[in-house]
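Novice: Letter by letter, the chains look like this.
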Amino acid sequence: MTPSETKRLVAEILAAIAPEADISAVAGDADLREALDLDSIDFLNLVTGLHERTGRPIPEADYPRLFTLDGIAGYFGAAAD
Amino acid sequence: MTVFRMPSLGADMESGTLVEWLVRPGDRVKRGDVVAVVETAKGAIEIEVFQDGVVRALIAEPGAVVPVGAPLAEIAAEGAAAEVAPAPPTPQPAVTPPKAPAGPTAAPPPQAGRVRVTPAARRRAAALGIALERLRGTGVDGAICLADLPSPAPPKRVPAGFDPAAMRAAIAAAMSRSKREIPHYYLSETVDVSAALDRLTRINAERDPPARLLPAAILLRAAALAIAATPEVNGWWEDGRFRAADGVHVGWAVALRGGGLIAPAIRDADRLALDPLMAALRDLVQRARGFALRGSELTSASITITNLGERGAASVLPVIHPPQVAMLGIGRIVVRPWVVDGTVQPRQVVTLTLAGDHRATDGHVGGLLLTRLAALLADAERL
Amino acid sequence: MSDASTTAERLTYREACRQAIREAIIADPRVFLMGEDVGRYGGCYAVTKGLMAELGEDRIRDTPLSESAFVGAGIGAAMAGMRPIVEVMTCNFSLLALDQILNNAATIPHMSGGQFAVPLVLRLATGAGRQLAAQHSHSLEGWFAHIPGLRILAPATIEDARHMLAPALADPNPVLIFEHVMLYNMEGTLDPAVTGVDIAHAKVRRPGSDVTLVTYGGSLFKTLAAAEMLAGEGLSAEVIDLRVLRPLDMVTVVDSVSRTRRVVIIDEGWRSGSLSAEVAMRLVEEAFFELDAPIRRVCAREVPIPYPAHLERAALPQPETIAAAARSLVRPS
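From first to last, the protein sequence lines stand for chains D, V and B.
Residue numbers for the first sequence follow our numbering, beginning at 30 and rising by one.
Residue numbers for the second sequence follow our numbering, beginning at 36 and rising by one.
Residue numbers for the third sequence follow our numbering, beginning at 4 and rising by one.
The reader is advised that the hints may include incorrect statements.
Between beta-carbon pairs, the in silico distance windows are [as the list claims (entries may be wrong)]: (1) V:173 - B:119: 54 to 60 Å; (2) V:207 - D:89: 37 to 43 Å; (3) D:86 - B:119: 33 to 39 Å; (4) V:49 - B:335: 51 to 57 Å; (5) D:86 - V:276: 53 to 59 Å; (6) D:89 - V:150: 43 to 49 Å.
Just a few of them, taken from the derived set where beta-carbon distance is under 7 Å, the chain B residues facing chain D [said to hold, decoys possible]: (7) 254; (8) 257; (9) 289.
Incomplete in silico selection of chain D near chain B, CB under 8 Å [unchecked claim]: (10) 31; (11) 32; (12) 33; (13) 34; (14) 37.
If you are wondering where the hints come from, they were derived from the structure by calculation, not from laboratory data.
C-beta: ideal position from N, C-alpha, C; glycine also.
Chain D extracted, bound-state conformation (with noise of 0.2 Å):
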């Protein structure tokens, strides 16, 4: 994925989870958790949601990766080419 589609993936997710988050305004380095007030419910959301998407097992050890949108991008493997 490139780190577009991940960002675009990730908004869709949200939009489900947090329809009034605004994940453009959202750095990349940014923790999600903080930057959308998102509670481990809605954590878990977003990883079920990814997991859903990319059906990558995404284990629990991994969530901390997971925390931003950079760490999403790289997790997902970031390589445009």
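Please build the complex by placing chains V and B on the supplied structure of chain D, with the hints as guidance.
Specialist: The following block gives chains V and B in isolation, referenced to the frame of chain D:
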């Protein structure tokens, strides 16, 4: 025949605005069916009917402000269905009608073939619940484009009538009443939850994200069982005396991001195993955030739990939601030095705080609840 | 020569290219330039005029007329630790070196398991408009943008012509820089505050709200002229200069199209299998639900580029055809 009346969706509710009917005369309804949407200080609430029967007449018009207890509709019991006026010529299934009005453009005659719609317009129309067939396209090749649709009202998911200031006022009224009327006592216990969390980690390691459990689920499971064993704290203070609840209906406090707080109930929480409880939690939080709660969920809670979660404070002294008589506060799970079998070890602990209504119970009963809860969490494999 | 870091001097795109080459050669003993007629003659487009006299025959090297040989020599020099700038006079002749570029430059880092880097920079003139007829008017950058392992740059502005070379030389992989022949005589000033540019991102050259015009290289100024025409009609066009054709910066394009919801892609390459096709398909993949109109393209007509001036003009994207395409999306009726 019975009259279906505006329900009380909270002790502080005086009236509600009927937003829309989801049934029409002649429709058959069953107890628990959602029949209408009512706007309250807590947002748009789907209200349910309490008996089986057939809708005979709709009394209140959408848009009307209806006092609690005033008639909304007439419902005939099943056997009396014959009295109902003839059904409309084309029977309509009781589906949810589109929530937004049709577009501003007059309906053209039906077009042959497929309607051209741009991707962006199709998505917005779906979000607004607008039937595309009724629109005339002015875009490229006559496609329906965004200019042919009304602009979405931001923020999208919050109903137009929802007023954060009204919710604030409702919270202010309920909390003022609580602190004015209820003599609170508080008991705290810090409990080692390492075993419970270890169990969750083991369970989750074998599961994909949709089936994973959160600490909140196991804490709720233990709390529901402890409450079931302590019926003195589970119910309401009404007319100067305690009325016990018919089940453990746990109100789960959900913070709304736009501001405000709502505590819908998970009914009979003590009878739900971990997985269904987790599913109920996810569903409830999602619907609370989307303002899609049902009336019964807002009125039936017999005790409330506030769980501060991983980004909250370490402990909380709850304010009881009247007319309930107790509330349990769960702080953030923290790692602390803890004495286990005579040695100091890092353990994951959580501070549980019970606020009790001293009119209904004494501290001894509250202490029993916390003791039971601590014991359940220590024996996590059985939860 | 005046110091570009202190004064905003007036210069041509050609002079900006020359300053960049001169600076790179002086700054790093590993950098040298070679190609056909780059030395004594000063370059087919006079980009390297005077450099051999100043910098010497070791650093500015004339080569035999064999693209395959001197591009291959450049690849070997790069593998051996040099930082060669190889000028292929025009991209029309790059096909003679295609095997070197595709099978060697682009693949050696991979085939050697990372043991060899190929920090080679190829400069190629591209494009039509000078009445050089069908064999000397190609725009082949879209072809090269098909190849993994290459970075493809299309400097359209004097600033990019001046500053893209340094990061291209710093890239451990081969970089191809396509300079449009119609830009060499363009004059402008350099902002002395700008001392470098990135070679990763597209750039919004003109902000707008009704339609996005995506282009690069020689078509940029035609597109900006089209945007000016549209502004006179009350239509607000946003112009994006891709700058980097591979890897494509779709974030900038998608962000713009998500706002304007309409897009025209302008590409001097032939339409079939072109870079414009790639950009359009990426938009379908990444921004389908943002689109409120079909994607339109303005490309070269699918003919050998004609020699007569009026036919050559008719075969290429022009401000009028670009504006017409944009207009048809914003005001279809």
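Novice: Please go over all the hints and tell whether each is borne out by the structure.
Specialist: Hints, one by one, checked against the model:
Separated by about 59 Å at the C-beta atoms, residue 173 (chain V) and residue 119 (chain B) satisfy the suggested range of 54 to 60 Å. Restraint check, residue 207 (chain V) to residue 89 (chain D): a C-beta distance of roughly 40 Å satisfies the suggested window 37 to 43 Å. The given range of 33 to 39 Å is respected by residue 86 (chain D) and residue 119 (chain B), whose C-beta atoms sit roughly 37 Å from each other. Distance hint check for residue 49 (chain V) and residue 335 (chain B): the Cβ-Cβ separation is about 53 Å, which falls inside the suggested range of 51 to 57 Å.
For the pair residue 86 (chain D) and residue 276 (chain V), the supplied restraint of 53 to 59 Å holds, since their beta-carbon distance comes to about 54 Å. For the pair residue 89 (chain D) and residue 150 (chain V), the beta carbons lie near 46 Å from each other, so the given range of 43 to 49 Å is met. Interface restraint check: residue 254 (chain B) against chain D, minimum CB-CB distance 4 Å, threshold 7 Å, status holds. Given the 7 Å rule on beta carbons, the hint for residue 257 (chain B) holds: about 5 Å separates it from the nearest Cβ of chain D.
Below 7 Å, beta-carbon pairs count as interface contacts, and residue 289 (chain B) has one with chain D at about 6 Å; its hint therefore holds. Contact between residue 31 (chain D) and chain B, as hinted, is supported at the beta carbon level, the nearest pair being about 6 Å apart and thus within 8 Å. Annotation: interface hint on residue 32 (chain D) holds; nearest CB of chain B at approximately 6 Å, less than 8 Å. For residue 33 (chain D), the suggested interface contact is upheld, since its CB lies about 4 Å from the closest CB of chain B, less than 8 Å.
With its C-beta approaching chain B no nearer than about 6 Å, residue 34 (chain D) sits inside the 8 Å limit, and its interface hint holds. The closest approach between the C-beta of residue 37 (chain D) and any C-beta of chain B is roughly 6 Å, which is under the 8 Å cut-off, so the hint is satisfied.
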